[in-house]
Amino acid sequence: MQMLTAGIDIGSLSTEAVLLSDHKIVSYSILATGADSRRAAEKALNEALGFAGAAPEDVRFTVSTGYGRTNVPFADLQVTEITCHARGALYTFPDTRTIIDIGGQDSKVIRLDEAGSVIDFAMNDKCAAGTGRFLEVMARALEVDVDELPELAVGASRAAAVSNVCTVFAESEIVSLIGQGVPRPEIALGILESVAERVVSMVKRVGLVPKVTMSGGVAKNKGVVQALERRLGMEIRVPDEPQIVGALGAALIAESRWRKATYL
Amino acid sequence: MIKAFEVFDTMRTANAGRLKEAREQGKKFVGTYCTFCPEELIIAAGAAPFGLCGTKEDPIASAEQVLPRNLCPLIKSSYGFAATGTCPYFQASDLIIGETTCDGKKKMFEVMNDLKPVHVMQLPHDPEAAASLDLWKSELNRLKDRLEEVFQTEITEDKLRAAMRLKNRETTAKRRVHDLNQRVPAVISGIQVLTVTWMSGFALNKEEIIEALEAYVDEALVKADEGLAFGDQNTPRILVTGVPVGLGSEKVLRLVEDNGGAVVGLENCTGYKTLRLMTDPDAADPMEALARKYLGIPCSCMSPNKGRMELLSDMITDFTVDGVIDLTWQACHTYNIESYTVAELVKQKHNLPFLQLETDYSQSDVQTLNVRIAAFMEMIQK
Numbered sequence: 001m002q003m004l005t006a007g008i009d010i011g012s013l014s015t016e017a018v019l020l021s022d023h024k025i026v027s028y029s030i031l032a033t034g035a036d037s038r039r040a041a042e043k044a045l046n047e048a049l050g051f052a053g054a055a056p057e058d059v060r061f062t063v064s065t066g067y068g069r070t071n072v073p074f075a076d077l078q079v080t081e082i083t084c085h086a087r088g089a090l091y092t093f094p095d096t097r098t099i100i101d102i103g104g105q106d107s108k109v110i111r112l113d114e115a116g117s118v119i120d121f122a123m124n125d126k127c128a129a130g131t132g133r134f135l136e137v138m139a140r141a142l143e144v145d146v147d148e149l150p151e152l153a154v155g156a157s158r159a160a161a162v163s164n165v166c167t168v169f170a171e172s173e174i175v176s177l178i179g180q181g182v183p184r185p186e187i188a189l190g191i192l193e194s195v196a197e198r199v200v201s202m203v204k205r206v207g208l209v210p211k212v213t214m215s216g217g218v219a220k221n222k223g224v225v226q227a228l229e230r231r232l233g234m235e236i237r238v239p240d241e242p243q244i245v246g247a248l249g250a251a252l253i254a255e256s257r258w259r260k261a262t263y264l
Numbered sequence: 001m002i003k004a005f006e007v008f009d010t011m012r013t014a015n016a017g018r019l020k021e022a023r024e025q026g027k028k029f030v031g032t033y034c035t036f037c038p039e040e041l042i043i044a045a046g047a048a049p050f051g052l053c054g055t056k057e058d059p060i061a062s063a064e065q066v067l068p069r070n071l072c073p074l075i076k077s078s079y080g081f082a083a084t085g086t087c088p089y090f091q092a093s094d095l096i097i098g099e100t101t102c103d104g105k106k107k108m109f110e111v112m113n114d115l116k117p118v119h120v121m122q123l124p125h126d127p128e129a130a131a132s133l134d135l136w137k138s139e140l141n142r143l144k145d146r147l148e149e150v151f152q153t154e155i156t157e158d159k160l161r162a163a164m165r166l167k168n169r170e171t172t173a174k175r176r177v178h179d180l181n182q183r184v185p186a187v188i189s190g191i192q193v194l195t196v197t198w199m200s201g202f203a204l205n206k207e208e209i210i211e212a213l214e215a216y217v218d219e220a221l222v223k224a225d226e227g228l229a230f231g232d233q234n235t236p237r238i239l240v241t242g243v244p245v246g247l248g249s250e251k252v253l254r255l256v257e258d259n260g261g262a263v264v265g266l267e268n269c270t271g272y273k274t275l276r277l278m279t280d281p282d283a284a285d286p287m288e289a290l291a292r293k294y295l296g297i298p299c300s301c302m303s304p305n306k307g308r309m310e311l312l313s314d315m316i317t318d319f320t321v322d323g324v325i326d327l328t329w330q331a332c333h334t335y336n337i338e339s340y341t342v343a344e345l346v347k348q349k350h351n352l353p354f355l356q357l358e359t360d361y362s363q364s365d366v367q368t369l370n371v372r373i374a375a376f377m378e379m380i381q382k
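Protein chains in written order, with the numbering used here: chain A, 1 to 264; chain B, 1 to 382.
No wet-lab data here; the hints were simulated from the structure.
For every residue, glycine included, the Cβ atom is placed at its ideal position computed from N, Cα and C.
Any given hint could turn out to be false.
[Unchecked claim] Within a straight-line C-alpha distance of at most 27 Å, the following computed DSS-like cross-link-like pairs (lysine-lysine) qualify:
(1) A:Lys204 to B:Lys347
(2) B:Lys20 to B:Lys116
(3) A:Lys204 to B:Lys306
[To be verified] Calculated Cβ distances over 12 Å to all of chain A for the following chain B residues:
(4) Pro124
(5) Arg161
(6) Ser313
Chain B with its partners taken away, still in its complex shape:
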C-alpha cells in the first residue's frame, strides 16, 4: 500500500469543497474538455485549469433530452453534468474551453454555449501541414486574447515561459507514475495509475499536484524495491489504447484486472498520449513551440495519425506488453475506424493478441465484455 495514494483517492471531493473558498479569495478557474487545450496559456493568465470531461453515466439520461441517444457517452456525460448543474467544477469555471476535435463535440459545444460561454478553438486535423500550424498558432493567439480579456490581465512572455516550465514538470511527474509499470512485474494496478492521474485533473494548484505526484512515485519506487508488485512474472501485461477513460468509465480496466491481467499501459489521452510532448521554455517563439506541441497529440481525430502508431510501438516494447485492447466508445467514429490500423500494427508488426471492444458507460454489457476479456486472458496465458 502506498500511503501517498490517499490524497488522490479523495481529491475530487476534497477539492470540490475548497472551490468556494478559493473563488472567494479571487482564484480564477477555466474548465477544459480535452488535452488539446493549451493549459500553459491558462496558467500564464493566472487562472487554474481543470478537466471537465464527463466519465460517469449518471447525467446521460438527462443529456439525452437534448442530445441524440446514439452519440458518444463521453459527450453526453460532459453535456449532462453541465446541464444538470451537478458538476461543481463546471459551476466554478469562469470560462469553458472546447476544441473542434470531433463532430460530436463541436456541435455539442454549440448547445453548451447556452449554459455558459464556451470558447471553441478550431483544431486543424492534418498534424504535418504548414497551413495547420499557421491556423493553430492563430487559434492560440485568439485564446490568449480571450483569456486576457476575461481575466483582465496581460499574458507576458515571461509568464508564458514560466507556465511552460510548470506544465513540463507536471507532464514529467505524470509520466513517472505511468513508467512505474515498465517494471516486470508491474508495481501498481492500472486502476491505481488511472486514479492518480485522473484525479490530478481536479487539482486547484499545479505546484501542489506536482508535489503530490512526486511524493507518490518516490514512495512507490522504494516500496517496489522492497517487493511491492501488482501481479507476478506470469500476469498478462495489457496495454489499453483508444478512447479516454476516467473514473466512472473504467469498467474495461476493472474487467481486465478482475480476470487476472494487469493494465500496465494506457495509451489514451487520459494516459500516456500526451506525456512525451514537452515544450522548450526558452524557444525563440514560445507560441509556436506551444502550437507544435499540441499539434503533436496523436488523437484519432488527426488524419493521418502516424504518431499514434509510433507511440503504440514504443509502448508495446517499453512496457513489455503481452496483448493490446483497443477501447472504443459507442459512436466514436474516428477511434472505431482507426482500430483497423491499430489491429494491423499489433497483429502483424508485433505479433501480439489484439482485441477491440466497443461499449458505452452503462453496465448492461458487462457480461458479454467479461467473456471477451476472460477469453483474451486465456489466449495470452495459453
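For reference, chain A alone in the conformation it holds in the complex:
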C-alpha cells in the first residue's frame, strides 16, 4: 500500500493531477477539462493513479485548485492557484522570486519573498488578452497550430503591430493584416510580442525580482518565453512540465497538511 497525496488543478482548458509520495512526484496526468469539470477532476486523478499502479484509498489527502476547485467532492481542501503555483514553482526552483503563469483563460504574476511566501500578485482582468486562449484564437486566424507560431515567427524582420487589449479586436486585426499582405512571419511575431507586452506590464506592476520561473501551458511556447526574456532582460526558467506546476503545488500542500495532521 502506498501513502500518497494528490493535487488536482482544474483549469479552464486543461485539468492536471499530480500524485506525490515522500516529497517526490510519483505520477501525473494532463487532460482537457471539457464541459464537466467535476468529471475531468475524477478522470485526471484516476489516470494518475493508473500510471502509479495505486488505488484511490492510497491517497491520504487531496487538495484541489484552479477555477473548478470548489467542484471536487473528494478534495479535503481547496487552495487558490496563486498559492499552489508558488509552492509548485519553489519545488523545482527554490530560488524563485517571481512567477509568470500563463494559462488558458488567465495569466498571473506572483511575487515571493526570500522565505518563499507570496507577498503580491496580479491577474489579468475580465479579458482573454495575454492568455493561452488569445494565442489559440490568433493562431487559428493565421491557420497554424499554436505550437507552430514560434517557428513561423523565426526570420521575421519585424513584428506586426497587434493590439493587446481585446481578443476579438485583435482577431479582426490579424484578418486585416493578412488582407494587407503583411508577411505571415511578421504577424506571428506580432502575436507573440503582444502576449509578452501584456504580461510584462503585469510583471512591472508587482515588481520584477530575479529569478523568474514560468508555469502554465503557454510556458511550452518558446516564442512567448523568448519574447518575455527579451523584454524583461533576464533568463526565465521553465520546469520540464510547466503545465503541472499548479497541481504539484496542490499535492505539496496536501502533503504538508497530512503530515501536520498525523505528526509524521
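Since the structure of chain A is already known, use the hints to place chain B on it.
Below, chain B without anything else, positioned relative to chain A:
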C-alpha cells in the same frame, strides 16, 4: 445576535411606507447624493435629508439608454433609480442636492435636472487653498438661500447651531458602530456594520436614528463582553478603502467574509471617511465652521488628498489591520489612480498586503474576484 439590529435590517422598506404619511403631515425631504452635502443646513431648514446614492444594479440597464455604458455604476444606478421612478425616496424629495465631485456626477446631474430640480454645489478640489474655502462658503450660502426659498423659512443662527449639535451626535453614534470592530476579535461582521450605517441614511428623523444607533452599540458592547465575536484571534482583519459601498454593491465585502476574513474597517464615504469630522456649534462663524468640516472630507476627488493617507494610517493601527483592499468602481478615475498612492502607503509604510479590485455592480466577475480575494486571505494567513 444583536436584537437592536432588526430595526436597521428593515429600515429602508419600513420607512418607504411611512413617507406618504409623513409628507401628508407636512414633513419636507431633501435627497442627497454625497457626504459633501451639508446636512446641517437641510435640518436647520426644517427638512430631513436622506441619501439617494444608487447602490443597486437593477436600474443600470435603463440608465444606459441615456448615459454611456462605460461609466461608474454608482452614477448609472443613481440616475437609473430616478429615471425609472423606482426609488420612493427620490419621488418623495422636495429638492435634490448634488455636488461637482467628479466629472461623471456633475454631467449626470445636468441630465437629472430634467426629471426634478437639482441644486448643484460647485465643490472646489484643493482642500487647503484659501480660495477653496471662500468658494465653498459662498456655495453654502447659496444653498442656504435656496433652502429658505424652497421651504419658505428662515435658517436662523440658532437653528443652524442646533442642527450642528444634532449632526455631531449622529456622527458620534455612527462612529461608535464602526469602533466596535477595533476590538480583537471583531464584534460584528463588516456586512452588519454596513447594513446598520447604510440603512441609517433612510431615517426620516435624526433623533430617531441616533437613538437606534446608540441602542445598537450599547447592546453590542454588552454582548461583546459576554463573548459575542465575529471570527477569532486568527481571522484576517481587512480594511476596505476606496469607493462608496451600499447594500446591493457589497459583493466584495461578502467575498472577503465568505473567504474567512473580517472586514473590520471601511474607509470610504459610506464608512469612516467623514466620521472624524465634527463642527463646533459655538463657533463665532458657524457657516465657516461648516465649510471647513466639509472641505476636510478626504475624497479622491480632492487634490492633493493627503487626508486620506493620514486617515488610512490611523485606521490601520486603530483597527489592527492585516491587509488592505482598495475597491474601485469601473471608470472611477480618481480612486483608480489614487490607488497607486494608497498601495505605496500600505506596502512601504505599513508593510502590509494590498489588493486593488476594479469592478462594477454586476455578478459577472464574482469568480475572478473570488480567486483574488481567496488568494489574498491565503497570503495573510500564510
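Results for each hint:
1. A:Lys204 to B:Lys347: holds, 15 Å
2. B:Lys20 to B:Lys116: Holds: lysine 20 (chain B) and lysine 116 (chain B) sit about 18 Å apart, inside 27 Å.
3. A:Lys204 to B:Lys306: holds, 26 Å
4. Pro124: The claim stands: proline 124 (chain B) keeps its Cβ more than 12 Å from every Cβ of chain A (closest is about 33 Å).
5. Arg161: The claim holds: arginine 161 (chain B) sits with its nearest Cβ about 50 Å from chain A, beyond 12 Å.
6. Ser313: holds, 20 Å
When held up to the earlier numbered hints, the structure conflicts with none and fits them all.
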